[in-house]
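2 protein chains.
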Amino acid sequence: MPTAAMIVIGDEILSGRTQDVNVQVLARALGEKGIRLAEVRMIPDDADTIVGTVNALRAGHDHVFTSGGIGPTHDDITADCIAAAFGVGIDVREDARAILATNYADPERDLNAARLRMARIPDGATLIDNPVSKAPGFTLGNVHVMAGVPKIFAVMVESVLPGLTGGQPMLSDDVLIDRGEGDLAAPLAEIDGRYPTVSIGSYPRVHEGRFIVNIVARSEDAEALAAAMAELRGLA
Amino acid sequence: MPTAAMIVIGDEILSGRTQDVNVQVLARALGEKGIRLAEVRMIPDDADTIVGTVNALRAGHDHVFTSGGIGPTHDDITADCIAAAFGVGIDVREDARAILATNYADPERDLNAARLRMARIPDGATLIDNPVSKAPGFTLGNVHVMAGVPKIFAVMVESVLPGLTGGQPMLSDDVLIDRGEGDLAAPLAEIDGRYPTVSIGSYPRVHEGRFIVNIVARSEDAEALAAAMAELRGLA
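Residue numbers (our numbering), protein chains in the order written: chain A, 1162 to 1397; chain B, 1162 to 1397.
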């Protein structure tokens, strides 16, 4: 199965001011596509860190997705960092500028120098469609550069994923069991051992003041998954 | 300012099945303590990956915090991986077993082999208190190993942080401005340039169908922060 990594770029996440919601959106979409999200890194708005992280991850995965830092303000440095990571130039590109202009009633007046920053695209990149606010993301090599605003991130994921080559989608099923995790551990390990193509996880949660357990099974093999789930449901 | 890294361990996060909420809890608590959360990595339940990530991050930061994988089931491998990362032994420890036993009406019956896994503590570690469900976390060197269940993670953060040496707390303030980010970019960059000890971030959000901007300023210097904020409020 192809693998992907995600880089969440933003001081606002690491300071705790903002709750990230983009990881889950990308993770689910990749799962349906048959691409495994193998790693996520959340890093600050620091150029050296961004360049180093992009280069470390693009070498080890089929795809890298970034969120954040492609707006018009001084703290939006992602596009320049991607260009630096690939060692290519970056400048305002005419097709990106034309797309951006459609977002303004009077582009001559409103498409100022700051907003034109959003049309700066590294050499050789292809644009990612943004139906929400026009300012495009871009794909360079195997790196997909997307906005951090959740509504825009989500539509960019929808724009990018159909063009990627996926694998067999990971199937999953789960059962909620009203028993203590410690009582289930032995039979779970036993079932897990007998189904080598099924990965079984156990996730306790607090419900009405006591612990219950969500048992999740994941596999690319529908038949094995169904057989394992039948046994897991028998533990309830 | 001391720095910290966090490792979120769990297939359920990377599959998109579960929304992480622990990063924000730790990030906020560290900020109040004057410790900067410099990096977060989300990784799968894979022993080699866990060991490698722990060793990479504990060398580069004052503190490393992990969440997830310390329960009683077969997929709970974090404690063993921490022992492996430090090259120390791991076994059931009497003090941890005694704490765990207080959670069960009949420990002789209920503290089975699976649950005793939660009393397995790497050699040389100190325990982290868990008022919710007793099963302790632990600190080994500069690595703090905590549960993934959000309620337990949160109380473990409260147990650990008072014992750490913090720096000057990072102060922050913000103002919501009902203008387009592109119109604010030039004055924001100008103000940011004049306050080198203040970090200014710009975060657009969608509100009633249009974009508004949250401007966040962060600094260890209360006076500089107040001066910068006065200017930022003037942009509204």
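Check each hint, because a few of them may be wrong.
No distinction is drawn between identical chains; accordingly, a pair holds when it is met within one copy or between any pair of copies.
[Stated by the list, open to error] Here are the simulated SDA-like cross-link-like pairs (lysine to any residue), alpha carbons at most 20 Å apart as the crow flies:
no.	residue 1	residue 2
1	1295	1268
2	1312	1368
3	1312	1355
4	1312	1180
5	1194	1383
6	1194	1177
7	1295	1371
8	1194	1163
9	1312	1392
10	1312	1373
11	1295	1332
12	1312	1339
13	1312	1207
14	1312	1289
15	1194	1265
16	1194	1344
17	1194	1339
18	1295	1334
19	1312	1340
20	1312	1253
21	1312	1370
Don't read these hints as lab results, they were simulated from the structure.
Bear in mind the structure is a predicted one, so any value in this text is a computation, not a measurement.
Hint check results:
With identical chains, the CA atoms of residue 1295 and residue 1268 are at most 20 Å apart within one copy only, with a shortest distance of 13 Å there and 62 Å across copies. Taking identical chains as interchangeable, the C-alpha atoms of residue 1312 and residue 1368 lie at most 20 Å apart only when they sit on different chains, with a minimum of 11 Å there against 31 Å within one chain. For a Cα distance limit of 20 Å, the shortest separation of residue 1312 from residue 1355 qualifies neither inside one copy, at 42 Å, nor across copies, at 33 Å. With identical chains, the CA atoms of residue 1312 and residue 1180 are at most 20 Å apart both within one copy (14 Å) and between copies (17 Å).
Taking CA atoms no more than 20 Å apart as the test, residue 1194 paired with residue 1383 passes inside one copy only; the shortest distance there is 16 Å, against 49 Å between copies. Taking the closest pair of Cα atoms, residue 1194 and residue 1177 come within 20 Å of each other only across two copies (13 Å); inside a single copy the shortest separation is 31 Å, beyond that limit. In this assembly of identical chains, residue 1295 and residue 1371 lie within 20 Å of each other by CA distance solely across copies; the values are 13 Å between and 48 Å within a copy. With identical chains, the CA atoms of residue 1194 and residue 1163 are at most 20 Å apart within one copy only, with a shortest distance of 10 Å there and 41 Å across copies.
Taking CA atoms no more than 20 Å apart as the test, residue 1312 paired with residue 1392 passes in neither setting, with 40 Å inside one copy and 30 Å between copies. In this homomeric assembly, residue 1312 and residue 1373 come within 20 Å of each other (Cα to Cα) only across copies, at 14 Å, whereas the closest approach inside a single copy is 33 Å. For the homomeric pair residue 1295 and residue 1332, neither the shortest alpha-carbon distance inside one copy (34 Å) nor that between copies (35 Å) is at most 20 Å. With identical chains, the CA atoms of residue 1312 and residue 1339 are at most 20 Å apart between copies only, with a shortest distance of 18 Å across copies and 36 Å within one.
In this assembly of identical chains, the alpha carbons of residue 1312 and residue 1207 never lie at most 20 Å apart, being 24 Å within a copy and 32 Å across copies at closest. Only within a single protomer do residue 1312 and residue 1289 lie at most 20 Å apart by alpha-carbon distance; the minimum there is 14 Å, versus 39 Å between protomers. In this assembly of identical chains, residue 1194 and residue 1265 lie within 20 Å of each other by CA distance neither inside one copy nor across copies; the values are 35 Å within and 44 Å between. Proximity of residue 1194 to residue 1344 under the C-alpha cut-off of 20 Å is found in neither arrangement, the shortest distances being 36 Å within a copy and 39 Å between copies.
Taking the shortest alpha-carbon separations for residue 1194 and residue 1339, neither the intra-copy value of 32 Å nor the inter-copy value of 38 Å comes in at or below 20 Å. Taking the shortest alpha-carbon separations for residue 1295 and residue 1334, neither the intra-copy value of 37 Å nor the inter-copy value of 30 Å comes in at or below 20 Å. Proximity of residue 1312 and residue 1340 under a CA criterion of 20 Å is satisfied inter-copy only: 19 Å between copies versus 39 Å inside one chain copy. Taking the shortest alpha-carbon separations for residue 1312 and residue 1253, neither the intra-copy value of 25 Å nor the inter-copy value of 48 Å comes in at or below 20 Å.
Taking the shortest Cα distances, residue 1312 and residue 1370 sit within 20 Å of each other only across copies (11 Å), while inside one copy they are farther apart (35 Å).
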